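Student: Residue-level listing of the chains:
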Amino acid sequence: MKRGTLKSRFAPLALLAGLLLALPGAPLRAAELDAEQQARYQTLINELRCLVCQNQTIADSNAPLAADLRQQVETQIRAGRSDAEIKRYLTDRYGDFVLYRPPFKAKTWLLWGGPFVVLLIALAVALRFVRARRAAPAATAVDAAALRQVLADEAGDDARRPPENRS
Amino acid sequence: MIPELGHFALVAALLVALLQVALPALGVWRRDRRLMAVASSAAQTQFLLILFAYLCLTWAFVTRDWSVAYVAANSHSELPLAYRVSAVWGAHEGSMLLWVLMLSGWAAAVSVFNRRLPPDLAATTLAVLGAVGVGFLLFILLTSNPFERSFPVPADGRDLNPLLQDPGLVIHPPMLYMGYVGFSVAFAFALAALISGRLDAAWARWTRPWTTTAWLFLTCGITLGSWWAYNELGWGGWWFWDPVENASFMPWLVGTALIHSLAVTEKRGQLKAWTVLLAILAFALSLLGTFLVRSGVLVSVHAFATDPARGVFILTFLAIVLGIAFTLYAWRAPRFVSVADFALFSREGLLLLNNVFLVVAAFAVLLGTLYPLLAEALNLGKVSVGPPYFNAVFLPLTAPLAVLVGLAAAVGWKRAKPAEVWKRVRVPAALAVVAGLALPWALGHRTLLAAIAGGMLAIWVLLTAAQEIGRRVLAKRDRVQGLLQVPRAVWGMTLAHAGLGIWVLGVSFVSLYSVEKDVRLGPGQAAELSGYAFRFDGVEGRAGPNYDADHGRVEVSHGGRVLAELEPEKRRYRASGQVMTESAVDHNALRDLYVALGEPIDKARADGDWALRLYYKPMMRLVWWGGFIMALGGLIAASDRRYRLAQARETAAVRAEALA
Amino acid sequence: MRLRYLVPALVLIGLVVLFAIGLRHDPREVPSPLIGKPAPAFSLAVLGAPQQTYTLADLQGRPVLVNFFASWCAACRVEHPFLMQLAAQGVEIVGVDYKDTDADGADWLARHGNPYRTVIADPQGAMGLDWGVYGAPETFVLDTAGTIVYKQIGPLSEAVWRERVAPLLQGAKP
Chain A
1 MKRGTLKSRF
11 APLALLAGLL
21 LALPGAPLRA
31 AELDAEQQAR
41 YQTLINELRC
51 LVCQNQTIAD
61 SNAPLAADLR
71 QQVETQIRAG
81 RSDAEIKRYL
91 TDRYGDFVLY
101 RPPFKAKTWL
111 LWGGPFVVLL
121 IALAVALRFV
131 RARRAAPAAT
141 AVDAAALRQV
151 LADEAGDDAR
161 RPPENRS
Chain B
1 MIPELGHFAL
11 VAALLVALLQ
21 VALPALGVWR
31 RDRRLMAVAS
41 SAAQTQFLLI
51 LFAYLCLTWA
61 FVTRDWSVAY
71 VAANSHSELP
81 LAYRVSAVWG
91 AHEGSMLLWV
101 LMLSGWAAAV
111 SVFNRRLPPD
121 LAATTLAVLG
131 AVGVGFLLFI
141 LLTSNPFERS
151 FPVPADGRDL
161 NPLLQDPGLV
171 IHPPMLYMGY
181 VGFSVAFAFA
191 LAALISGRLD
201 AAWARWTRPW
211 TTTAWLFLTC
221 GITLGSWWAY
231 NELGWGGWWF
241 WDPVENASFM
251 PWLVGTALIH
261 SLAVTEKRGQ
271 LKAWTVLLAI
281 LAFALSLLGT
291 FLVRSGVLVS
301 VHAFATDPAR
311 GVFILTFLAI
321 VLGIAFTLYA
331 WRAPRFVSVA
341 DFALFSREGL
351 LLLNNVFLVV
361 AAFAVLLGTL
371 YPLLAEALNL
381 GKVSVGPPYF
391 NAVFLPLTAP
401 LAVLVGLAAA
411 VGWKRAKPAE
421 VWKRVRVPAA
431 LAVVAGLALP
441 WALGHRTLLA
451 AIAGGMLAIW
461 VLLTAAQEIG
471 RRVLAKRDRV
481 QGLLQVPRAV
491 WGMTLAHAGL
501 GIWVLGVSFV
511 SLYSVEKDVR
521 LGPGQAAELS
531 GYAFRFDGVE
541 GRAGPNYDAD
551 HGRVEVSHGG
561 RVLAELEPEK
571 RRYRASGQVM
581 TESAVDHNAL
591 RDLYVALGEP
601 IDKARADGDW
611 ALRLYYKPMM
621 RLVWWGGFIM
631 ALGGLIAASD
641 RRYRLAQARE
651 TAAVRAEALA
Chain C
1 MRLRYLVPAL
11 VLIGLVVLFA
21 IGLRHDPREV
31 PSPLIGKPAP
41 AFSLAVLGAP
51 QQTYTLADLQ
61 GRPVLVNFFA
71 SWCAACRVEH
81 PFLMQLAAQG
91 VEIVGVDYKD
101 TDADGADWLA
111 RHGNPYRTVI
121 ADPQGAMGLD
131 WGVYGAPETF
141 VLDTAGTIVY
151 KQIGPLSEAV
161 WRERVAPLLQ
171 GAKP
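Protein chains in written order, with this note's numbering: chain A, 1 to 167; chain B, 1 to 660; chain C, 1 to 174.
Be a bit skeptical, because a hint or two may be false.
[What the hints assert, rightly or not] Chain B regions said to be covered by chain A (calculated; three or more residues, Cβ under 8 Å):
(1) 235-249
(2) 346-353
(3) 363-371
To be clear, the hints were calculated from the coordinates, so they are not data collected in a lab. None of these values were measured; they are calculated from a predicted model. Here a beta-carbon is modelled for each residue, glycine too, at the ideal position from N, C-alpha and C.
If we strip away everything but chain A, and leave its shape as in the complex, we get (with noise of 0.2 Å):
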């Protein structure tokens, strides 16, 4: 039900957001901004969320508000703002949802350290799995159990699997 009533509250925004899904109306005015500006514009416009949006950087979207804040950022780039100062004012506003790029902070450490605390683990894992074969020999009496009957297992296999097929 909430989100019936959300939807209706944005049906112009959302409706005008798929109408013109596809390109930004207002041309960026280039011959204001030098080289060096224009690459940060083009930089910082597409890593900045629209809000309105489904899922868009303020450079694809064509919402009535994601114009605005490119007009911002532009403004504020010809005024001489770094792009942290530009982003800040952002945050300042929105919160952290408008960064494409999410800060790393506490909130966020788990987001970025994740994949590599996860590879890290990972290559542990095969390696001992592999270096397991040297240590096979000292295992338990259990494990040893274990083994024969999955080595048994295995020779069962091996008689079903056809010779030339081993390439």
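Using the hints provided, position chains B and C relative to the given structure of chain A.
Tutor: This is chains B and C only, laid out in the frame that chain A set:
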């Protein structure tokens, strides 16, 4: 009447699917061959019933039956016939119907091709597929019935989303679903192995072609999706790391890992428990993707119209199916565990590393996709995770893969001597270094470290792939004979790896050297981009079958020589009033020149200045060629005679054993 | 059964719980970082009286609702009768006509009634930007000190008022 028949056929299909689960299961339990045999005919009947339902819905679209709510919502009297047929899968309900059609199609295929499988394995596999079918049929019938009538009957339809009125999108979803759904076969085989407790080389060989086939469809689907987004969305991007894209990419990564671990399981009888886990995971991620796309828990550009009731249903279904699968795994997998009988520096060892990187990459995509959800659940506030994150994390996780691809081919099974391997790879390695250094310079780009690294990896992968074939040819005295004797499986692998190399080259260059520019041009004015001149020749009105277009003309020239006349369009679809940008692209192997038409600066004057977006994208095509070549490799590998012959032989052996 | 084979099942349980929670949230709703902070400054003309400016200082000293609305906003129509009811109860509401023309805004109020003590015209959405507004309607609740204590995204309703807003205001009232 026809829609009701379709609805009825779906209900009948549900009943048949229930039989497909219950009777074979009973048969396996009681060792009753006749009950087991029901599985095949049930699978085929279910497929025919769903096909009939699907055709009924198509008929409703073709005949413009607006009394069917789904048809009225997704078609229009002016919609061309081809799009009326493809509109069947243009929204949630119909695309779910396509999904179950494919699911039952895969099951029917299993029942036909695997007639010689041991009967209990065949019966269990089909029963599992039947159970998955039951879930999805219930989902359609209870929450997403495409045959629902609406009263009063509207005078005309609301039209198909214009984004979907594009040839790329006509074939993209079926391909993608074939891939998603295809992993259900590997899943069913994995569960059958867990249930029966038998997992041998023969099992791996039966599973391999099915997995490869699903994978090649998924590869095609993702590639087509990327190509469509590039042409149709008008943003000039080809991959957005949108949740929906990630939903298709995660099963692809895990499916790729599965293909490689299946090779180890088949040839060396190792990594069995791991292979089973990957087979479950690939399908688990397909189900997860379905949930993410259709439940509305995440915000996506491509999301379907969502309904929380559907989300709850899929979540429950997912929890049941995967809960059973993972519990079975926890219970039975330990018996498949063996001690490694290979060194790390061996083909098995490197394939294991390949699996580690692929699965961790899939995990990174999953984490990034779900993190906004996690942060909200933990009350950490709203965060967005977008392309900058994925690019930063994904690259270091996948670059080692490119190194491994070339190395693994040069390393023998079980264990290898580094000195011998080095002798094999030193030439391609040296050539890759030289070519990597030379490429940016030869193509007239700035020298960037990342481009050099990308080029090196790409050339390394390509050369080592070629070397694999070369070695086999040179090993034979008669070279022609040698070439002809290269098995299809090896050709397939080589092509898939070459595709990867081409893809890496394309991705590196297009990401690093693309140039984009938003310009304002009046008729006759020109803008310059990367040495190409784009002259805007104005806009004229044109009427399409169901839209009116502003048809622009842009002449592209280089050093005074005219290269192309590009005709970007801005279409306004009459029924919905939606506006779409049709970009225009001039392309060759080395670069794309892309023009998209924006808005007139003065809305009232179409003959005045216009906003245009221009792109120069080097090697854009290689990204898609790479994808299609990978898929082609999969096709060739899956068609290897070995699978069919070996299967016949093995079944005979198993039968003989059973009789003895 | 060794424990590590249970890992996939445990991960699954975690994910299902996460999704179950996720299904109850609306992913489009973005909470404001301004809650608990002083309302941002502004200085804009009053609707229909361009020479008269209205500033942040005019909002301070008593609890007040600041409601962003517009004539183009369909959901504002839904919310409107409830605002009229609140105004009748003596709740002070200041309206901000967000990204709208003065004529359209005034016309809309004339047609549906005016629940606002004052209406500020924000045709460019400049105040909206500073206040972190990303659609209409949005309603900010300010306490006596001019601190934002609550933000409602989407229409205010009887239920929201009773459960979320009224308790906050009870504390703030003298």
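Student: Cut-off 8 Å, C-beta pairs, minimum 3 residues; does the coverage of the region 235-249 of chain B by chain A stand?
Tutor: holds (count 5)
Student: State whether the coverage of the region 346-353 of chain B by chain A holds or is violated, taking the criterion as 3 or more residues with Cβ-Cβ distances under 8 Å.
Tutor: holds (count 3)
Student: Taking beta carbons only, do three or more residues of the region 363-371 of chain B come closer than 8 Å to chain A?
Tutor: Three-residue rule met by the region 363-371 of chain B, so holds; n is 5.
Violation of the numbered hints given earlier is absent; every hint is satisfied by the structure.
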